[in-house]
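Enquirer: Below are the chains, spelled out letter by letter.
There are 2 protein chains.
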Amino acid sequence: MNDAAGTFPSTVARDSVDPVPLTTVGGFDYETDVIIVGFGCAGAAAALEAAAAGADVLVLERLSGPGGSSAQSGGEIYLGGGTQVQKACGFEDSADDMYAYLRAALGPHADEEKLRLYCDESIEHFEWLRRQGISFQETLYDAPGWMAPTTDGLMWLGENAWPYGTLARPAPRGHRPPAENYGGWLLMEKLAAAVDAGGARTHTDTRAAALIADESGQVAGVTARHFGQDLRYRARKGVILTTGGFVDNEEMLAAHAPVLLGHGKVSDGGDDGSGIRMACALGAATRRMGMVEAALIAPPSLAYHGILVNALGQRFINEDVYPGTYSHAALLHQPAPWWVIIDQEGFEAAAATEAPGLQPQHVAETAAELGSELGMPAGALETTIATYNQDAARAEDRYFHKNARWLRELNGPLAAVDPRVLGVAAGTKTGIAGFTLGGLHTTVDGAVIHVSGRPIPRLYAAGRAAAGIHGEGYVSGTSLGDGTFFGRRAGRAAAR
Amino acid sequence: MNDAAGTFPSTVARDSVDPVPLTTVGGFDYETDVIIVGFGCAGAAAALEAAAAGADVLVLERLSGPGGSSAQSGGEIYLGGGTQVQKACGFEDSADDMYAYLRAALGPHADEEKLRLYCDESIEHFEWLRRQGISFQETLYDAPGWMAPTTDGLMWLGENAWPYGTLARPAPRGHRPPAENYGGWLLMEKLAAAVDAGGARTHTDTRAAALIADESGQVAGVTARHFGQDLRYRARKGVILTTGGFVDNEEMLAAHAPVLLGHGKVSDGGDDGSGIRMACALGAATRRMGMVEAALIAPPSLAYHGILVNALGQRFINEDVYPGTYSHAALLHQPAPWWVIIDQEGFEAAAATEAPGLQPQHVAETAAELGSELGMPAGALETTIATYNQDAARAEDRYFHKNARWLRELNGPLAAVDPRVLGVAAGTKTGIAGFTLGGLHTTVDGAVIHVSGRPIPRLYAAGRAAAGIHGEGYVSGTSLGDGTFFGRRAGRAAAR
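Residue numbers (numbering that gives the first Met the number 0), protein chains in the order written: chain A, 0 to 495; chain B, 0 to 495.
It is possible that some hints are incorrect.
[Stated by the list, open to error] Partial list, computed: chain A residues near chain B (C-beta under 8 Å):
no. : residue
1   : Ser15
2   : Arg287
3   : Ala377
4   : Ser451
[What the hints assert, rightly or not] Rough simulated footprint, nothing fancy, chain B against chain A, three-plus residues with beta-carbon under 8 Å:
no. : stretch
5   : 276–286
6   : 378–387
The hints are simulated quantities; they were obtained by calculation from the structure and are not laboratory data.
Since the model is a prediction, treat every value here as computed from it, not as a measurement.
Where a beta carbon is used, it is the ideal one built from N, C-alpha and C, also for glycine.
Between the sequences and the hints, there should be enough to build the whole structure, so can you do that?
Expert: Quick look at the structure:
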């Protein structure tokens, strides 16, 4: 059986994740203290800290090199409480303000213990990341967005938008390595180099298949495949699953997060839930398996230069929030189709900088005509635009409190633009892409919890294989953020 | 340790659900072919069919008698395709129309294989229920509602409301035993008598603790407690978990369905997720653990005699849908607080028949005053009511297509009534109550699926311990319906 890297996805459904009894393992091909399954940001952080604690560490990666889905990401890391970058850009911040914002933006019902720790120790985590070679320019990108098109080291991620700005003192907390737009590759380049330098070994093209456990349920290692060869790895101190989420596993999506079925996947293609399934086969508990990040892919400035309406012509959110926030509001809660309604001035401002060549789907002389063309109830779009223009004229959005900076009357001919337009243009069938946030139930030290409530001995998880600091919300940087933060804690705990 | 029925809930978190190895079980206190854990509707249906197939059957029930949460329920069973009751009331129906309705109302992403079977065999299931002694009067209760205040045998459950009436030929499919309002007790009285007559034995005050499994993972029985005594039950052919959902387990709610935290529980107090946890300890897969039924508890006629608006004064649904549908729309998707806005004529019509003594929370002479008192954006409620009144005058709701039968201009002084008012009055702190819909991943024959994708040998589940025919929606009768329907199939499969 040739099980080379390129054929992995098709084997997902067939492969057993049944735990292998230690008594049936005749011998081991490799032995080490700590095995880490998956070389994304969480695996890298775990490897660095486990090695720093003196453990012999081996990282197994199914692909031919490190990076994982982290390397495909924007690269923002959500950090605050008063980092050097925040201070240099003129912002005061505190762990309490960071906590208050994240509790609202990632809520409701985020894990408060994890979130509190994440905020309280954020400055230390920032310094640790810098020690691994990751640099952040001390300049601010000052507009709402998914990512910055510049090399600025700091950006807003919804902190200054209503209602968040009223719940906590706003400070930008999106910390970015110096790359235009996508910067995950740079983050992972630095982390992988640090892992190498720190002494952890890596086996690439090696896909973990199942956990090895003794009769008491204690984890003793993993089985894996390397180009068709079956390998047995012994972990004297612990196994850390950093295998990512499950957006690439259609059966798991159907079972747990069907809202992402059919949409684009923000992943490296290997987020097949294998780590979650391996642990569940040992009785591991999960949390919030239905939670997702899902993005309507449009130029970010399109929404805040115009208004966002649902199929009935109603606005439903201040358009200057983090774009993921309006994406969730639309996809999860509003009747589709959704439209950006915008005038020529707004459209040109958005298209010129972010999407040259962009074309609106519909154009009309009046709101009534446009509403009719879009099949909205008679009068609906006129009322919405008249109200919005009144509010723009007096610089106060009575419904959703969009910042006055972005309030401007919509004049002249109007266009309707699909807020998924860039995604469709880029080949994402539905113009929507996302990934999963739910996963294994872990302690703050990454120990995987059994459905009985006790930790499973010597089994750890971090990154998107675990449920982290998210409730139902998401902002950029919180997945790389909690992946590296709790990955480090899992690495230290496993090395003890 | 005294583990009498009354003290069960406090022991939930402490108790281990770890599987007990068969090799460690010295001997058994009882042996039978099929063990059924839990005597609600699914357990009863499983017991009846397993016994009818010739198996020796034993039902374990933690409380002192049969009934479970099923006995606390409304008692509607969702049946159709052209039952005798539907025909006698003058309605034509088909399995395809039933399927089209349920696919929309219980969707998106309901289990289509289960749903198809449930609809195709619904007439047979209706006849089977009648053979167990359950009678249905051949009369229709003709208004939207959770339950009927009459003994009518048939009621609408949203089939004739927009958009459902446009997706399938509408026919009422809520079949009810002859009891005013709550009828679950009567349903369970008949089923329990039938179980007795069918020869299955029952051990009450007996709480299953863990599954017994052999080295290959095949289920061989259960351990249980009976007034502090530990008992071991051998099941030669299979164990069927019909233990209900997990609304009474706060930890599981926090992990999977936090939207119900703090709200009322529609249960007998014992829906602690124990069956789900016992199976997951053996590596069972789950589906849709976040799905819930959640009801805003108000007189059903209050909403359709008035309009329902969100915190911004916007309508968001046709108020003549099944009340669970507007409850979900509000609770899961609309900014709170929600209000019923109603005039004196409407209020009196609702209060007179369904809630004598009901008082509105706010009254005002005009929509502007009322909107201001409710803290809505200036002009919002006036616009909503003016639009609604225009539509009522021409008998066409341009936004949500509420049936013309319930469209009536709102005139004179207006009241705002909290759509949770009856729940609050009845002592449900938040005026919202619900239960969980997610559970074990099962085949159409009730076999519990392992995370590896294969069935766990000799383990079955049905009722709310399993994921059934629900996607994200719910209508009355579909839980008793799928509990009895798939309970029967599990009983037959286990007896084979």
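Enquirer: Determine for every hint whether it applies to the structure shown.
Expert: Each hint, compared with the structure:
{"no.": "1", "hint": "Ser15", "in the structure": "holds, 5 Å"}
{"no.": "2", "hint": "Arg287", "in the structure": "holds, 7 Å"}
{"no.": "3", "hint": "Ala377", "in the structure": "holds, 6 Å"}
{"no.": "4", "hint": "Ser451", "in the structure": "holds, 5 Å"}
{"no.": "5", "hint": "276–286", "in the structure": "holds (count 8)"}
{"no.": "6", "hint": "378–387", "in the structure": "holds (count 4)"}
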